[in-house]
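Enquirer: The listed protein sequences derive, respectively, from chains A and B.
Numbering follows our numbering, in which position 356 of the first sequence is assigned residue number 356; successive positions increment by one, without gaps.
Numbering follows our numbering, in which position 148 of the second sequence is assigned residue number 1148; successive positions increment by one, without gaps.
What the hints contain is simulated information worked out from the structure, not anything from laboratory work.
All figures in this text were calculated on a predicted structure; none of them were measured in a lab.
For each residue, glycine too, the CB sits at the ideal point set by N, CA and C.
There could be a bad hint or two in this list.
Said to hold, decoys possible - Cross-link-like lysine to any residue pairs, in silico, SDA-like; alpha carbons within 25 Å at most: (1) K552(A) with G1103(B); (2) K492(A) with G1103(B); (3) K492(A) with P1092(B); (4) K552(A) with P1092(B); (5) K552(A) with K1122(B); (6) K1108(B) with A547(A); (7) K492(A) with S1123(B); (8) K1122(B) with F548(A); (9) K492(A) with T1124(B); (10) K554(A) with S1104(B); (11) K297(A) with V437(A); (12) K552(A) with D1138(B); (13) K566(A) with D1226(B); (14) K233(A) with L253(A); (15) K552(A) with S1127(B); (16) K566(A) with P1092(B); (17) K566(A) with E1142(B); (18) K1122(B) with V246(A); (19) K1048(B) with T1124(B); (20) K554(A) with H1252(B).
Claimed, not checked - Restraint ranges, calculated between C-beta atoms of paired labels, are given here: (21) T1107(B) with S664(A): 45 to 53 Å; (22) T1107(B) with T140(A): 30 to 38 Å; (23) N1016(B) with L671(A): 26 to 34 Å; (24) T140(A) with S1109(B): 29 to 37 Å.
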Amino acid sequence: MSDTAQSGSIMKSPSDERISHRGPIQRLLVSPEIGALVGALLIWAFFWGIGATFGTAGTTLNVLDSAAPLGIMAVAISLLMIGGEFDLSSGVLTGSIGVLVGLMATHFMNTGAPIWFAILVAFVTAGLIGWFNGTMVNRTGLPSFIVTLSTFFALQGLNLVLAKRLSGKVLVDGAEKAKGFKFFRAIFVHEFKLPDFHGRDGIYVGLVLTGVALLTFGLLEQAFVRREKAEKKSVVTALGGVIVAVASFAALLNNDGVANNIAFGILLAAGGIVALYGFGRMRFEPKAWPTAQTDKKAIRVAAFGAASIVLACIAPLIFDRNQRKPFLTWLPSSGRVVLTVIVVLVCVAWLAIRQKRDKEIGHTTRISKRLFTLVIAATMVPTAVLSVAQLTTVQAVRAFLMMAAGSVGLVLLLRARSLASKASRSLHLIIGASASVAIAILAIVVRADSGATRFRSGLFTVMMIVASLIAANTLLESSLVKRRAADPRRDKLGRRLVASGAILAAGGVVVRIIFTNFVAGSGEQKGGVSLVRMSVVWWLIFTIAGAFVLSKTKWGSWIFAVGGNKEAARAIGVPAAVVKLNLFITTSLMGCFVGVMTLMRYKTVVASQGVGLEFEYIIAAVVGGNLLTGGYGSVIGATIGAFMMAMSGIGIPTAGWNSNGRLSFIGLVLLIAVLVNNFIRRKAREAQ
Amino acid sequence: MASLLELRDIGKHFGNVTALSGVSTHVEAGKVTCVLGDNGAGKSTFIKILSGVHRPDDGEYIIDGSPVRFDSPRDAREAGIATVFQDLAMIPLMSVWRNFWLGSEPTKSFGPISWIDVAHAKSTAQSEMRKMGIDVRDVNQEVGTLSGGERQSVAIARAVYFGARVLILDEPTSALGVRQSGVVLKYIRAAADRGLGVIFITHNPRHAYPVGDRFLLLNRGKSMGDFAKDEITVDEMTRLMAGGAEMEALEHELGTR
C-alpha cells in the first residue's frame, strides 16, 4: 500500500536515470570508515585465531585501555586533518603536559602545588601552544608541518631541560603525593568493576538470533522483487523448514554429544535453507530463466576455484603441523637465488603467454602495463617467499597456504556463480552448490586438523554457516527475480529491518564482551571482575562529540570546507582563520587532556614520553579514512583506526610474537588499509 | 526605473599602471548587464571593485542612488551584492546541500548546543534549486560529481536564496561546453526574472548577447561604450572587443573575409 503511494510521488518528480539509489550498504562502502572497519574486523579475527587469549574480556579491556589515549588524540587529529592541517607537536605535548603537571605537583614553590592548580596551568599552557601553532600557520602561511615540527622540537628540548634541572633525572615521579591526586585520578582513569553477569548468555543468544533473523529478512526485502500477492502454497514449505530448524536448534542446546551436535547442526542448516526458500517463494516474484546456455568461462573459473580449494585441503597433509622450525632453512643461499630465478622465469613466461593469446583474439594491452605487473611480481614474490622462508615456521606457512588457497578458491567459485547466473539455472545451481560443499569440506578439514581448540570449533562453525548461507543464497537467486539497482529506494521496510537487525546483533555481542570473564578456550573460570577504565568512557564521549560536531554542526561543515578549499570557503563567507585556530587549540587541549590522563594512570612520566606518538595519531586517522590533503574523512573512522592499532599492540605479544614487531605490523596495516579504502571507494562509486 | 547599482567614471591604478579608467554602467532589477572584454581588458579589476575586494581610486560606486564605500567583500555581501567566482564557487568534496548552506547553516539549538537542521536544510536546498529550474538529482551527492554547469547553477541558486539583489558572475561559462553554457545562461535569465540585477562578466559575445539587456565593452582598461541591447549587434560587439580596426586587419591578413 505504501509502495503505491510512494511510487506515485516519484512519478511526479522525474528522477534522473543516470543516478541510482544508494542503499545502506552502498553508502557504507563509499563512506570513509569502511577500510578501517574491514581492517579492524580482519585483525580481530586474525589475532583471535592465533592468540590463545585474544578476544576474551581481559584482553579486550586491555586493548580498550591502551586504545583510549590514542583514540582521543586520533579524534582531535582527524578533525585537524579534515581541516587541512597537521600537528606534529601533539605527541610530545602529551609528554610536556605530564612533565609540567608532575613538576608543578612536586616542585612548585618548593612544596608542590595542589593538583587542580597544576592541571589548570597545564590546560592554559596547552591552549597557548595551540594558539601559537594556529596563529603562526594563519599569519605566516607556512605549512603546519613546519610550524608544528618546530614546536615539537622546542617542547622536547624543554621537557628534558625542565625535568633534569628540577628533579635531577629524566623521570618525574611523586605526583601521587600531591593534594587532590586521588580525586583527579578518579575523574580521568577510575576503574569500573563489572560484575560477572550470569544472564549474559541468554541475552546474547536471544539478541543475536533476533538480529540475524531481522537482518536476513531485511536483506531479502532489498534483494528481490515482491509479488503482488503472497503465494499460499509455499507457506507450508516455509513453516516446515522453520519447525525443523527450531526443533534442531532446541535439540542442539540440550545436547552435548559431538556426533549428535553435527547431525543437529546439519538439520538446523537444512531447515533454515528450506524455510528461507519457502519464504522467498511465498513473498517474491519467481524468476524465469532464458533459454539455457553454457558459459565456458564460468566453468573454467569454477574449475580453478575447485582446484584452489583442493590445494587448501591438501596443504595440511604436506606440511607438518607441529613443525615450529623455520621453513626452508635447509635451502642454501644459492638455492634461494635459483628460486628467485625460477619465479622470474615463470612471470616472464606468463607474460609472454598472455601477450600472445591477447594478440590472437585481437585484444591488445599495452606492454608497459604488463611490465609493471611483471616487475612487481618478479621483485615481490621472491622477496615474500624468501622472507616467509626465513622468518616463519612450517606451521605458519601451512596455515597461510590453507587460508589463502581457501579464500581464493571461494572467491573464484562465487565469481563463477555470478557468471553462470546469466547462462542457465542448472549451471548456476551446480556451481553454487559446489561452492557451498567446498566450504563445508574445508571446514571439516580445518576441524579435523587444527591444534587450537577454540580456533578450530569457532572457525568450523563460521565456515559451516557461510556454507549454508551460500547454499540458501544460490537457491534463492536462481528462483527469484532480483531488484534492479534503482528500486530499493522505495524499500523502507527492508532498510529498517536491516538497521534494527544489525543493532540488535551488535548489542548482543557487546553484552557478551562486557560481561565475559572467563577464558573461553580453556573453559577456566578466572573469577573476579572486569575492569573498564574511565579513560575508555572519555574516549567514547570525545568520539561522539567529535562525530556530532563534524556531521551535525555548522563548524563541521566549515572544517570540511576549509580543508577542501580554503580560498573558496573564505570567498563564500566561512571564517577560515578562526576555524583553523580553533582546530589547533582543540588539538592542543585534547593533547593536554591525554597528557594529564596518562600521568594519572601511571603516576610517573618520562621526559621523552609522547615522542613519536604524533605519527601514531596520524596513522590512526589515515587508516580511518581521513585524507592527508584534507577535506574528507571521519571521526568514527579515526577511532576505529586507533582501536586497530591498539589491537595490534596487544595482539602481537598475545600471539607469542616479538612485541617489537608491532611497529612493522602497523606500517603494513597502514598501507593495506589505505589501499583497501581507495579500492572499495572507487569500486562503490563506479557501481553507482 | 531607478538603477539598483550604478558605476560612474570608475578608475583604478596599481602604481603607475592604470587598470581601469572612466568606466560607467548600471544595472536594474530584473535586467542583465554584461561586461565584455578580452584578456587584459580589466574585467577582473572591475569585478574586484564590484565585489568589494578593491576600492576604486576615481569615480563613484552608487547603490540605490547613494554612493557607497566597501572595505571588504563582507561589506558588499551585506549590501546584497553576491559574487560567484569561477573557480571558488564550490567545495568539490562536500555534498550539494552543505555547499548550498555553507557559511549560513540553519541551526536548531538546545541550551549551548546547536546543530544544523539537516532535514530542513536538505529540503530547502532541493526546493530552492527546483524553483530556479535546477534539478539536482540528489542533494547528498558530492559537488565534485556534478558537471561544471550544474556547479555554477547551484552557486547561482544559493546567491538568489540568500537574498542577493545584485548577482555578479565571473566568467561562469568560460570552462563549459556548448550545452552546459546554455544551461547556465538559462539560470542567469531565471535569476534576472526573479528580480535580481545580474552582472555577467564574459569574453564571449555569443553567450552575452542572448541574455543581456545592457553591454559594457572593455578594452585595455577603458570603456569602449555602454550599450542597450537595441543599440548594438553581436558582430559589432566582437569587433569593438577586439579593438576594432586591429581585428579587421588581422582578419584581412588571415584571409577569412
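Enquirer: Indicate, hint by hint, whether the structure satisfies it.
Expert: Each hint tested on the structure:
Of the supplied pair hints, the one linking K552(A) and G1103(B) holds, its CA atoms being roughly 14 Å apart against a limit of 25 Å. With a C-alpha separation of about 33 Å, the suggested pair K492(A) and G1103(B) falls outside the 25 Å cut-off, and the hint is violated. Restraint check: the Cα-Cα separation between K492(A) and P1092(B) comes to about 30 Å, which exceeds 25 Å; the hinted pair is violated. For the proposed pair K552(A) and P1092(B), the alpha carbon gap of about 19 Å is at most 25 Å, so the pair holds.
In summary, the hint linking K552(A) to K1122(B) is supported, as the alpha carbons are separated by about 13 Å, within the 25 Å threshold. Distance restraint check for K1108(B) and A547(A): the Cα-Cα separation of roughly 17 Å lies within the 25 Å cut-off, and the hinted pair is therefore satisfied. Between K492(A) and S1123(B) the CA atoms are separated by roughly 19 Å; this keeps the pair inside 25 Å, and the hint holds. Using a Cα cut-off of 25 Å, the hinted pair K1122(B) and F548(A) holds, with the two alpha carbons roughly 18 Å apart.
For a cut-off of 25 Å, the pair hint linking K492(A) to T1124(B) stands: about 23 Å separates their Cα positions. As the CA atoms of K554(A) and S1104(B) are separated by approximately 8 Å, the hinted pair is consistent with the 25 Å bound. Pair hint K297(A) plus V437(A) holds up; C-alpha atoms about 21 Å apart against a cutoff of 25 Å. With a CA separation close to 19 Å, the supplied pair K552(A) and D1138(B) stays within the 25 Å bound.
Between K566(A) and D1226(B) the alpha-carbon distance is near 36 Å, which puts this suggested pair outside the 25 Å criterion. For the proposed pair K233(A) and L253(A), the alpha carbon gap of about 31 Å is over 25 Å, so the pair is violated. Only pairs whose Cα atoms come within 25 Å are accepted, and K552(A) paired with S1127(B) is accepted, the gap being roughly 21 Å. Using a Cα cut-off of 25 Å, the hinted pair K566(A) and P1092(B) holds, with the two alpha carbons roughly 12 Å apart.
A C-alpha spacing of about 17 Å is found between K566(A) and E1142(B), which places the hinted pair at or below 25 Å, so the restraint holds. For the hint pairing K1122(B) with V246(A), the CA-to-CA distance comes to about 46 Å; that exceeds 25 Å, so the pair is violated. For the hint linking K1048(B) to T1124(B), the alpha-carbon distance of about 31 Å lies beyond 25 Å, and the restraint is violated. Taking the CA atoms of K554(A) and H1252(B), the gap is about 59 Å. The hint is violated against a cut of 25 Å.
In this structure, T1107(B) and S664(A) meet the distance hint of 45 to 53 Å, their C-beta atoms being roughly 47 Å apart. Separated by about 33 Å at the C-beta atoms, T1107(B) and T140(A) satisfy the suggested range of 30 to 38 Å. For N1016(B) paired with L671(A), a C-beta distance near 57 Å fails the hint of 26 to 34 Å. A beta carbon spacing of about 36 Å between T140(A) and S1109(B) agrees with the range 29 to 37 Å that was offered as a hint.
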